[in-house]
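Undergrad: Line by line, the protein sequences are chains A and B. According to the numbering used here, the first sequence holds residues 1 to 415 in order. According to the numbering used here, the second sequence holds residues 1 to 313 in order.
Heads up, some of the hints might be wrong.
As the list claims (entries may be wrong) - Simulated pairs of lysine-lysine, DSBU-like, Cα-Cα distance not exceeding 35 Å:
no. : chain 1 : residue 1 : chain 2 : residue 2
1   : B       : K184      : B       : K25
2   : B       : K142      : B       : K186
3   : B       : K224      : A       : K329
4   : B       : K107      : B       : K47
5   : B       : K25       : A       : K382
6   : A       : K408      : B       : K107
7   : B       : K224      : B       : K152
8   : A       : K408      : B       : K69
9   : B       : K47       : A       : K338
10  : A       : K408      : B       : K47
11  : A       : K409      : B       : K69
12  : A       : K382      : B       : K47
13  : B       : K107      : A       : K31
14  : A       : K384      : B       : K51
15  : A       : K408      : A       : K164
16  : B       : K289      : A       : K409
17  : B       : K173      : A       : K384
18  : B       : K289      : A       : K320
19  : A       : K329      : A       : K94
20  : B       : K186      : A       : K409
21  : B       : K142      : A       : K320
22  : B       : K47       : A       : K329
23  : A       : K31       : B       : K173
24  : B       : K69       : A       : K382
25  : B       : K91       : B       : K212
26  : A       : K17       : B       : K173
27  : B       : K47       : A       : K31
28  : A       : K31       : B       : K142
29  : A       : K382      : B       : K186
30  : A       : K384      : B       : K25
31  : A       : K338      : B       : K51
32  : B       : K47       : B       : K142
33  : B       : K152      : A       : K384
34  : B       : K217      : A       : K329
35  : A       : K409      : B       : K224
36  : B       : K184      : A       : K408
37  : A       : K320      : B       : K47
FYI, nobody ran anything at the bench for these hints, they're computed from the structure.
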Amino acid sequence: MGRLKDQVFNICLMNNKLRSDFPIFSNQGEKLPIYFDSACQSLRPQVVIDSMIDYYQNYPACAGRSMHSFASKVTQKCDESRVTIAKFINARQKEEVVFTRNTTEGINLVANCLDFKPGDIVITSDKEHNSNLIPWQVLVNKKGIIHKIILSLSDNTFDLDEFKKTINSRVKLVSLGFTSNLDGVTIPAKEIIETAHKNGSLVLLDAAQTAPHQKIDVRELDVDFLAFSGHKMLGPSGTGVLYGKYKLLENLEPFMVGGDTVSSSTYTTHEFLAPPEKFEAGLQDYAGIIGLGEAAKYLMKVGFSEIEKKEREINSYLTKELLAIPNLKIIGPENSDKRGGIISFCVDGVDHHQLALILDQSANIMVRSGQHCVHSWFHHHKIKGSVRVSVYFYNTLEEAELFVREIKKVIQVLL
Amino acid sequence: MFCLISFLILSIIGIFSASHRVLAKEAFDCVFRRLTLRPCNTGFQEKMKAKITGQLLPRSVILARLFNKHFELLAWLLFLVTLVSIFWTGKGLFNFYMYGSCNGLNKSGFCALDPTGQNNKVSQAGGSCTVGEGDESKVTLKDVNLSTFPAKNNNEKNTVVFIGCFNCDYTRKAYPIVKKLIEKNKVNFVFAHYPVKGETVYMLPIGYCAYKQDQSKYWQLVDKLFASTKEENGNPDYLNQLLVGLGYSLESIQSCTQSQETKTAVVRQRIELEKTNIYGTPLVFINSKGLVGPKPYRVYDRILDTINIFKNK
């Protein structure tokens with residue numbers, strides 16, 4: 001692309017008002033990055049960065065432990081963040097929000113705190129992220145639980161019938177990825193939860209790929225546990241949330257204990273605090289928690305209807321264009337509406353890593369390549385890996401057009 | 001193959017660049033795996049291939065495609081080119097160490113280690129001080145009679161012959177080096193004044209007579225002439241002063257220089273020197289090995305050592 005075209009393109013991009021909230025788009029000069037890896041980690045708006053800088057510059061202290069004004073401010077800000085997150089997912093009370101480091105920690109917390117007995121069954125799907133697979137595999141060895149996997153339908157969507165056939169009274173927990181990071185498919189969570197509850201099973205949703213893109217209403221879903229990460233929803237890396245129904249959280253024994261989890265202790269005894277504190281051991285990432293609250297506020301301000309609309313528009317265009325390329329296969333349903341902001345694809349005879357690297361080197365287009373932490377699915381299907389394009393509301397159609405032009409060139413080179 | 005070539009190249013670049021050092025490590029890992037008969041699973045080759053293809057793509061799709069398609073062949077070519085380069089670099093380093101020139105003994109082509117060609121410069125006969133254009137390979141002592149030239153330390157195994165001009169910059173540069181060589185080693189030494197510039201021709205008969213009359217004073221005279229300025233050497237009165245200063249009788253020297261014997265000897269010396277195929281000074285022979293231009297001390301010394309080793313065997 002020529003210099004003039006580049007400039008026109010950049011002007012066009014910068015006209016997008018929302019993009020101006022993201023400093024990354026104003027830092028790069030002429031060579032703007034095209035960031036299509038938001039499923040891994042999203043970009044951050046200035047407000048999130050500012051809120052964290054504000055903490056470090058103006059009140060860098062502990063929450064809850066000290067009596068001074070800095071400590072009061074940190075406590076107040078962290079509490080505000082908890083309230084915001086509770087509102088973000090429509091939790092009944094802020095105490096249902098446990099701050100974690102990421103989704104993985106949230107899932108591990110449930111896996112290690114629920115009182116699993118030998119023979120208890122945990123159900124997952126066949127395309128879980130390692131974070132929602134390995135904890136259960138470990139419990140199989142450690143506690144003798146049974147791990148059952150529901151295979152997806154041929155279009156990689158959730159097989160509800162098979163799930164209904166599989167669930168029985170020994171199923172203690174249904175732990176599913178709400179939206180798959182592999183193909184962007186969202187499961188019919190409400191129906192699954194209803195079925196599970198009728199059976200007396202608990203449900204844990206891995207909402208890492210859902211929280212940034214769709215409105216989640218934990219009360220309407222009636223989900224028992226829900227984990228998501230901050231870094232995929234404009235928040236700081238190293239932040240996450242585990243939502244749990246308060247009564248369930250009350251009954252869980254914390255697995256990571258220590259400072260800030262107890263109200264008092266003697267040399268031989270201790271008294272745990274109420275949720276969520278009893279799960280938040282040690283000094284917390286206050287700047288991160290404050291930043292996460294800002295990110296949630298920002299997303300609510302933008303509105304999920306706008307976000308979904310933008311993602312669908314781009315995904316629809318990309319799907320149509322990519323499907324026209326010979327030898328290119330999209331993983332998951334061809335209907336882009338079923339895949340949110342994610343398009344994973346393979347091109348016969350083309351190495352996915354090479355394709356991604358060349359896109360980055362030649363056009364500053366950043367996509368993910370590999371097995372996306374869903375190794376099990378790729379091994380099962382005997383596929384080496386895929387290229388994953390994941391878009392967010394700050395992406396534009398112009399970027400998608402440029403991507404299509406470039407990928408056609410790259411495939412031409414590699415084939 | 002690509003890993004090996006990358007390792008070689010990146011190791012050199014890595015000396016100056018930290019980012020390339022990381023790549024060099026990756027390349028080494030790949031090479032090490034191959035050497036230990038394990039598959040290279042670091043993806044280094046694929047990564048580099050994709051990176052270079054990505055850089056070529058905005059310039060030309062065809063070029064990027066050709067590169068990607070013939071990557072292995074290009075890697076082999078690059079490897080061969082590197083091997084050849086390493087060979088020539090090694091040879092250049094060897095030659096520079098051995099002969100003071102990357103190109104070999106008495107070769108005056110460009111040498112990165114001696115960019116101005118100082119070790120090969122000579123003063124051309126009758127010309128100015130420039131890089132010589134004669135045939136370096138033809139200099140020889142074959143059939144050259146050195147018996148009439150000034151000589152000292154006779155009856156040693158090895159002989160160093162120094163042919164130079166008192167007013168030539170390169171001879172003046174080489175003289176102290178050669179002097180050091182003959183002082184440190186037991187050798188016969190023959191000195192021949194070959195006046196490449198007209199202003200020192202007058203010294204030929206005087207030198208012949210001075211040596212004939214007093215050998216020890218003659219060598220002092222040579223030292224003084226090499227220590228004097230070129231302007232002073234061009235002045236016959238200055239030479240007379242030196243002769244007087246050393247205790248020579250000017251009348252005796254003058255009488256000697258005008259004798260027929262001296263005139264004949266000087267002509268004969270000139271004829272003998274021409275037989276060496278000399279085209280510029282300094283020309284140093286260590287036994288039969290001729291070295292054109294002022295070489296570093298190590299070059300003369302090493303040649304002498306090598307000769308001694310072979311003789312002792």
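Undergrad: Look at each hint and say if it fits the structure.
TA: Here is what the structure says about each hint:
no.	hint	result
1	K184(B) / K25(B)	violated (48 Å)
2	K142(B) / K186(B)	holds (23 Å)
3	K224(B) / K329(A)	violated (91 Å)
4	K107(B) / K47(B)	violated (44 Å)
5	K25(B) / K382(A)	holds (32 Å)
6	K408(A) / K107(B)	violated (56 Å)
7	K224(B) / K152(B)	holds (17 Å)
8	K408(A) / K69(B)	holds (17 Å)
9	K47(B) / K338(A)	holds (33 Å)
10	K408(A) / K47(B)	holds (20 Å)
11	K409(A) / K69(B)	holds (14 Å)
12	K382(A) / K47(B)	holds (23 Å)
13	K107(B) / K31(A)	violated (52 Å)
14	K384(A) / K51(B)	holds (21 Å)
15	K408(A) / K164(A)	violated (43 Å)
16	K289(B) / K409(A)	violated (64 Å)
17	K173(B) / K384(A)	violated (70 Å)
18	K289(B) / K320(A)	violated (81 Å)
19	K329(A) / K94(A)	violated (44 Å)
20	K186(B) / K409(A)	violated (76 Å)
21	K142(B) / K320(A)	violated (88 Å)
22	K47(B) / K329(A)	holds (23 Å)
23	K31(A) / K173(B)	violated (59 Å)
24	K69(B) / K382(A)	holds (26 Å)
25	K91(B) / K212(B)	violated (46 Å)
26	K17(A) / K173(B)	violated (76 Å)
27	K47(B) / K31(A)	holds (22 Å)
28	K31(A) / K142(B)	violated (72 Å)
29	K382(A) / K186(B)	violated (81 Å)
30	K384(A) / K25(B)	holds (26 Å)
31	K338(A) / K51(B)	holds (34 Å)
32	K47(B) / K142(B)	violated (63 Å)
33	K152(B) / K384(A)	violated (84 Å)
34	K217(B) / K329(A)	violated (98 Å)
35	K409(A) / K224(B)	violated (78 Å)
36	K184(B) / K408(A)	violated (75 Å)
37	K320(A) / K47(B)	holds (30 Å)
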